[in-house]
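**Q** Keeping the supplied structure of chain Y fixed, place chains V, U and S with the ligands upon it in accordance with the hints.
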Amino acid sequence: MAPAEVAVQEAPVVHGTGRVVNDFSIQVATVNGSGSQTANLVLLRSIFRMGVPVSGKNLFPSNIAGLPTWFTIRANKDGYIARKKEIDFLVAMNPETAREDALSLESGAAVVYDEGLALDAVRDDLVFYPVPFDKLIAGVCTDVKLRRLVRNMIYDGVLAKLLEIDLQQMEYALQKQLGSKPKAVALNQQALEVGFAYADQHFEKRDPYVIAPMNETAGKILIEGNAAAAIGAMMAGVTVVAWYPITPSSSLCETLIDYLQKHRIDERTGKATFAVVQAEDEIAALGMAVGAGWAGARAMTSTSGPGVSLMGEFAGLGYYGEVPAVIFDVQRVGPSTGLPTRTAQGDVLSTAFLSHGDTRHLMLFPSSVGECYSMAVEAFDLAERFQTPVFVMTDLDLGMNTWMSDPFPYPEKPLDRGKVLDEETLERIGRFGRYRDVDGDGVPYRSVPGDKMPAYFCRGSGHNEWAQYSERPDDYQNNVDRLARKFENARNWMPAPVVEINRQASIGIIAYGTTHWAVVESRDQLKAEAELETSYYRVCGYPFRPALASFIERHERVYVIEQNRDGQMLSLMKLDLEPDLVRRLRSVLHYSGLPIDARSITDSVLIQEGYRVQKTGADTSRVPRQAGVGGE
Amino acid sequence: MAPAEVAVQEAPVVHGTGRVVNDFSIQVATVNGSGSQTANLVLLRSIFRMGVPVSGKNLFPSNIAGLPTWFTIRANKDGYIARKKEIDFLVAMNPETAREDALSLESGAAVVYDEGLALDAVRDDLVFYPVPFDKLIAGVCTDVKLRRLVRNMIYDGVLAKLLEIDLQQMEYALQKQLGSKPKAVALNQQALEVGFAYADQHFEKRDPYVIAPMNETAGKILIEGNAAAAIGAMMAGVTVVAWYPITPSSSLCETLIDYLQKHRIDERTGKATFAVVQAEDEIAALGMAVGAGWAGARAMTSTSGPGVSLMGEFAGLGYYGEVPAVIFDVQRVGPSTGLPTRTAQGDVLSTAFLSHGDTRHLMLFPSSVGECYSMAVEAFDLAERFQTPVFVMTDLDLGMNTWMSDPFPYPEKPLDRGKVLDEETLERIGRFGRYRDVDGDGVPYRSVPGDKMPAYFCRGSGHNEWAQYSERPDDYQNNVDRLARKFENARNWMPAPVVEINRQASIGIIAYGTTHWAVVESRDQLKAEAELETSYYRVCGYPFRPALASFIERHERVYVIEQNRDGQMLSLMKLDLEPDLVRRLRSVLHYSGLPIDARSITDSVLIQEGYRVQKTGADTSRVPRQAGVGGE
Amino acid sequence: MAVATSPVRKKVNRIGLESREYRGSKTTLCAGCGHNAISERIIGACFEMGIEPERVVKLSGIGCSSKSPAYFLGSAHGFNAVHGRMPSVGTGAMLANRNLVAIGVSGDGDTGAIGIGQFVHLMRRNLPIIYIIEDNGCYGLTKGQFSPTADLGSKAKTGVVNDLPPIDTCALAIELGASFVARSFSGDKKQLTAILKAALSHRGTAMLDVLSPCVTFNDHEGSTKSYAYAKAHDDPLEEIDFVPFFEDISIDYEPGTTQEVVMHDGSKLYLKKLDADYDPLNKVQAMRVLQETRSRGEFATGLIYVEPVKPDFLDVLNVVDEPLATLPQERVRPPKTVLDDIMESLR
Amino acid sequence: MAVATSPVRKKVNRIGLESREYRGSKTTLCAGCGHNAISERIIGACFEMGIEPERVVKLSGIGCSSKSPAYFLGSAHGFNAVHGRMPSVGTGAMLANRNLVAIGVSGDGDTGAIGIGQFVHLMRRNLPIIYIIEDNGCYGLTKGQFSPTADLGSKAKTGVVNDLPPIDTCALAIELGASFVARSFSGDKKQLTAILKAALSHRGTAMLDVLSPCVTFNDHEGSTKSYAYAKAHDDPLEEIDFVPFFEDISIDYEPGTTQEVVMHDGSKLYLKKLDADYDPLNKVQAMRVLQETRSRGEFATGLIYVEPVKPDFLDVLNVVDEPLATLPQERVRPPKTVLDDIMESLR
Ligand SMILES: Cc1ncc(C[n+]2csc(CCOP(=O)(O)OP(=O)(O)O)c2C)c(N)n1
Ligand SMILES: Cc1ncc(C[n+]2csc(CCOP(=O)(O)OP(=O)(O)O)c2C)c(N)n1
Ligand code: SF4
Ligand code: SF4
Ligand SMILES: [Mg+2]
Ligand SMILES: [Mg+2]
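Chains as they are written, first to last, in this note's numbering: chain Y, 1 to 632; chain V, 1 to 632; chain U, 1 to 347; chain S, 1 to 347.
Treat the hints with caution; some may be incorrect.
As a list, the in silico DSS-like pairs of lysine-lysine whose alpha-carbon atoms are at most 30 Å apart [to be verified]:
hint	chain 1	residue 1	chain 2	residue 2
1	U	K310	S	K155
2	Y	K452	U	K10
3	Y	K262	S	K283
4	S	K272	S	K310
5	S	K190	S	K310
6	Y	K181	U	K336
7	Y	K220	Y	K486
8	S	K310	Y	K145
9	Y	K176	Y	K77
10	Y	K176	S	K155
11	Y	K262	Y	K183
12	U	K157	V	K271
13	U	K143	U	K189
14	Y	K176	S	K310
15	Y	K262	S	K157
16	U	K155	S	K283
17	S	K197	S	K336
18	U	K157	V	K181
19	S	K283	U	K268
20	S	K283	S	K155
21	U	K310	U	K197
22	Y	K486	Y	K452
23	U	K336	U	K189
24	Y	K145	S	K26
25	V	K527	V	K77
26	V	K452	S	K10
27	U	K268	U	K155
Bear in mind the hints are in silico, worked out from the structure with no lab data behind them.
Isolated chain Y (complex conformation) (with noise of 0.2 Å):
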């Protein structure tokens, strides 16, 4: 079904100087809940700070403590900050995993480790940098409890020294992320010092790796794509979210929890201008939206597989009864339970047709935190405008990683409650059908409980255009064909993909979401590598634009690249266009659980176009053998 993932290798790009500057990846490697995201994050924003373009992702387990946990910063000068294949430097922290994550390495990558675990004996063909982390930790802190917490911090000193980053940018990036605790920021600042003179004194730079201050982050920010989409629907106006928590969505609603606090609350009253509820369970999280949706509040909710799968009544009653409500999907790999800390595009197919009985949803695709934040807004829009579920469909790489991102510009629009009764309309529109079809595109008007307009019963049996029960055949052929039309509708309105044309191609590339990073670093891949000039559609929304198909004619063969097994955004594409067009299409499918990255974009590519690619070892060494028994 999908094509076996092969590589070729990539080589480092050594500059004549013997150096790499700004272009490999770190991994630190060590066990979860051993409190290491903060020496990750302050050795990230370090980097970016020294403005340079940086991505940092989490591999974690699906448990809370002790297992295996890897952190990747790619630092990359061109700007690729999708997830590489290859780690160039490695930190081993974890004693169970340290000797397998060593052998995965290329030969001429560098690691620091721990002393004790005697890494030099594993392979003799890295470069070793051991350091005695326990013995210089009770330097710094005499307290046993707290060592273990800013034991962290010695590697982020080291890794300064050897990677030559501004050791004032790294204290900069611990306060920001400790401001708050003066005692945490010294403790570990010491520990910072600490690693940084043990290196001086003992290392000598014997890799090729250094970061060197760029100009390509100025005025960027930093922040995870839930955070991103949380900020979107506070500036969207919401109004009640009802949630329930599950990895990997929770931190979005519970990041708006904290930001609505800040930022909602009456300053007259000291009341809430929100209500959010942590519901029982997804069924009920968003009955209360499309509750609340139905009652004039801009309502959402925000989940991932397990409880999409469980809220297809309630969708489809959304769209049956056309009440508006925002979902935010943060894809995760499934199917059921799956892997809850992995990253997947895996619910797209499902969610278009969610629900029983010819029921279709309306969907957007973020690629990045900045849709993240933007689709957010335009979200409720398009919720109230279609009076309709609207799907937001992150994931987990997007959702939980760390990107760089240019700020967040302030909405230029005023907020769009769509159709919404008023005098004046009832006024011109004569008596008042909640289910007519006035204006022509299949949008109706309704009036909102206490607003003093004409009432209605809103439900999810048939109803005519006066929302009265009715079994009458063409009353419900109407309605759904109406229906019909509103979904054709809503098509121009959904926002517009991203396009580059280029006129020397006969390929094209479709991709949306995450992969889009992928893409961006494949296909300059596949130009260097085999000159072969590439087209670029991005899918923002679902139903596509028209311009989908005009992309697919300009080329001969279209590559759709997804993150799943089953092909699901080609799928839909399938039902949508013209055989023609189908027949360009072809699969990239990546499904590991892990982001997918450029190789295996361009390898795939380059098979199907009839390139031989040299092979290199399945996707999977980042990744603990000892899987063990447990989990979600």
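**A** Chains V, U and S with the ligands in isolation, oriented as in the chain Y frame:
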């Protein structure tokens, strides 16, 4: 989206004699809850017993009592038993709709009605038979309460006389219906006779419609699809049934309970060889079936659209944990609560992809009560063979209406319990790996709690071949690739399509489920009216058999006929087939909630083939204007 | 003597509305169904209390009972949601606009089976809503299957015997924190109206379990309440007033007394009206009374428990007084400075 | 003096198994998590009772607690279902094979929130299963959100305050008809083992609410149980034994006494062990004791209620003694004559 429904008028086939023999439809218009069921079924069965092909369809509202209901019998010497749009003979018992009912008839139709309704004042081009029901019933029965119940039997008597139905067959049918209540039989018999006598004395036959004995039903049975499926489940050896009431599926489990209590009580101990639970909802119902299937039972549930929408999460667990379960989806009109008492084929697409994250399901599509029976048996075998949920997609028309059929054959094959581990197998395969693809067909072996074979841990989270928790990319990918292989292999185990190749035909027709019956008739119409020869492919299962592609290949244009708005089966085909074949496919859609009729298909095909078709009224005449506010 | 002729003045309530302005569409339920009587009482109570219909939202799940919101207060908004999920929809609606008066109608199947999870959590939240269970011990709309409040041992028309004990929704509601819990009978006009009026002036969850006979399906041969059973086991049978089919049952009895109600199928219901001096403020006593009456095969009726000043869910959430739904943009979209500050903090 | 050397005989139970044969995989839960201690007690109780592991099915939903079935009885079948739905899966399994011993493990989130509906109905059915709630007042696996058993007023790490009162699963279970209801504490080895052993010999639903500290997330500043709160409001603070992080809490106290347990975060739990002569057969009293202890801020521990001879769900359904799952074809497919008769009846 849907072609407008147009229809040329079908002229009643008047024979040389001026008599229309065995080719007309009778409609009885009553109020639900008024007890006309017995009279209608007696009428149906008596025609059936005279050897004439018949079908009976009940058009009822979604409430319990007091709203208009229509029962339509079609008698057809050629065996066409799909719904026919035109009514030839009306029995108007409902004062509320009588006027409208009469107005909707074609000129020349006959109407039996309650004297007081004075329908002859409404129009004068019908054949009128006014009957003084109240006066007649008063003579039969003194108890006022009972009068209401036997009153309807009078029209049976009147019809027996007018349509030349054998009174003895009516009496037989009455006996069959009420055999256990001798007093009721006697009373009804009297009413029958009174009606017959009245017609005999007062009416001169002025309409052309008569029933004459034939020999087309000998040995056949009359049954509803739900009862047929229940018998199938019992013969499949079902042991655990968990269900939640919902129209139109409730009678499936209710009938099953009846049969099980009669035929599956252990003679020696008086105990049940089955367990039936009315669950608290559909989530629990499927959860119980999955738990029971995992523990080795043959387990099932039965529901309709809203229930399926709630079952998403467990369906995904069944797919990924590989647990057998049989789910009957007796489809009704959606979206949402929709029209609970109307028929549709609207859950096809959402059920195929029910649940997030690359989940897929096997589906069976019975067309007849015979297939409700045989596919029920088959579904349990397939569920165990492929260790996965199997959906049997029937609909309200099939499930709740009364159909003729050949008697059901006793199953030839023994139960296929699939790959259940035993000592011999264990020896052969060495170590037991629950999710190991030992045989290369994607189907692993399973053990069952209490069977003393090696145990395993079943889970919806990531797992490897040994059923251990795993988050490894390669484990994940290997496993879902195997699942895809398993699904692919199931293709050839799905019930074979029923294919009729017409060598002269350049046009193919594809249908499934109850649509079949209208297709049979429509193909004859196409031939008779436009000399259009057609081939026919009836889909019986999903994933599709490879034969589907070859069928389409043989034909220039292929019409996929179905009862939903969105062309759902056609959509599934688009996903599966080469674009070259997809190009040949066209949709014929019918989604008014009424069973599809041949005329609608014929007209739609003719129009799409470029013929000019005379338009008739929409298919809505038989449904109340006064559809009130209320509803399920 | 000449009399001044003035148009007949219809009786109006304190906000100037006539009773008919509280009516809804014509019912499509069976004649004699207890649910219809309850609709009448809701109409009456809202009229008498002078509730503004446009402030009311009517909410329901799916079932015969859940249809009834269409049959009262026709000028109020209504939402007939999905089966068993009225609580979440009602919660959302009240969050959107706390000034609404929410009247939720559910069935014993809608609440006791598929909806019991949402019921539990609504009670726990003390959402301001009147939550009425129209309790007939069966699934009316799907033709008479047992619901979780059906009598143990009763036998349905299909022959199936109910082998599980009934759930007591009042006891559950009290245990879970509802601040107003009552039980009544659809035909007890006086008591039900009084309870509804009290509920309309209560702030917080008012849970009303209203026994409401299903004339069509709750007619169980072999049931401990059935006519046949009564005939065999009850001596003073001849004294029983046979209530004809399709006619409302109405009763009126004194506080402290027990009333035997004969249902349409001849089965009997024993209602024990709480004493006039019963103290509904005492939770422990309320639970005890429920248990005791239940063990005698009786239903305690009346206002069983009330906690008059418990903060409701909106208070707990500290939501502004105005409806969230209609707050203007200035109050829900923070100014540019806020966004800029957030951006700054992320550098 | 020469001593005969024989291999050291490990202690075996009545069916000849060693204790280690009741172990499962290595836990992946946090060190010190109460759930681990409960797994140990299950291992101990099953060993002591001589349960055949191959007759056991381990069932769970989703959560840290729901992972624990992997950590005991490794040779038993297990099913880690979906969140909150263990009851239905367990019901199906027991229907399939009534000879199994079902041990279900759930969390307070898994049961109290998403799963409360299935919980209610399982209790009502008196399904033969040991239903253990590993109750830590929070959602461990999703990082510490409040569950429905969280203390009113406690404050999570995110700053959110829990503003709803806790659900008492024991009171609910008794009200709903469970035939064995107990509460204990993960660290009370003696009591918990005794209760588990009793539960293993009970036929019907044995509902065990086991308080089980989450060392990682149930560490709520501002909670009424928190260390800080205790410091401010409690005089004899210096007497409190600070329980170091990541170490099991274990306690042992006498019937009739109240034990103050200091949790990892310094918060306190008050456990009131039922008197030695407490009569668990009395339902009314059981409910009263629960209410009273609760109102004092204590948790009653011990076997709170038992109804020893209540028919279980399989009895009620009158299912044959053999597992339905493995009945041979002859017993589940009626003979041809039956089908023929049915066909005849449809002519
Ligand atoms: C998800 C779902 N499952 C099942 C149904 C079918 N259904 C409609 S009403 C009903 C039961 C109604 O019983 P109750 O709530 O007691 O109301 P009553 O009709 O007795 O007033 C059921 C099961 C449905 N509409 N939706
Ligand atoms: C349908 C669904 N919703 C949400 C989740 C996410 N989830 C996993 S565990 C859990 C809560 C667990 O809490 P609890 O049952 O108390 O177990 P604990 O971890 O505290 O032992 C949640 C919400 C899920 N897996 N599935
Ligand atoms: S079926 Fe029963 S509950 Fe439904 S309307 Fe009729 S009497 Fe009422
Ligand atoms: S997070 Fe809490 S509940 Fe989960 S394993 Fe750790 S201590 Fe236990
Ligand atoms: Mg009911
Ligand atoms: Mg918990």
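**Q** Check whether the Cα positions of K262/Y and K283/S lie no farther apart than 30 Å.
**A** Measuring from Cα to Cα gives roughly 49 Å; hence the hint is violated.
**Q** Has the given pair, K176/Y with K155/S, been kept, meaning a C-alpha gap of at most 30 Å?
**A** holds (25 Å)
**Q** Given the hint that K262/Y pairs with K157/S, test it: the Cα-Cα distance must not exceed 30 Å.
**A** holds (16 Å)
**Q** Would the pair K220/Y and K486/Y pass a check requiring their Cα atoms to be no farther apart than 30 Å?
**A** Judged against 30 Å, a Cα distance of about 39 Å means the pair is violated.
**Q** Is K157/U within 30 Å of K271/V, Cα to Cα?
**A** holds (22 Å)
**Q** Would the hint linking K176/Y and K77/Y be met if the CA-CA limit is 30 Å?
**A** holds (24 Å)
**Q** CA of K262/Y to CA of K183/Y, is that 30 Å or under?
**A** Within the cut-off at roughly 25 Å; holds.
**Q** Verify the proposed pairing of K157/U with K181/V, using a straight-line Cα cut of 30 Å.
**A** holds (15 Å)
**Q** Within a Cα-Cα threshold of 30 Å, do K145/Y and K26/S meet the stated pairing?
**A** holds (25 Å)
**Q** Would you mind confirming whether the straight-line C-alpha gap from K190/S to K310/S stays at or under 30 Å?
**A** With Cα atoms ~27 Å apart, K190/S and K310/S stay inside 30 Å; holds.
**Q** Is K336/U within 30 Å of K189/U, Cα to Cα?
**A** violated (58 Å)
**Q** Has the given pair, K452/Y with K10/U, been kept, meaning a C-alpha gap of at most 30 Å?
**A** holds (24 Å)
Of the numbered hints listed earlier, those contradicted by the structure are 3, 7, 8, 14, 17, 20, 23.
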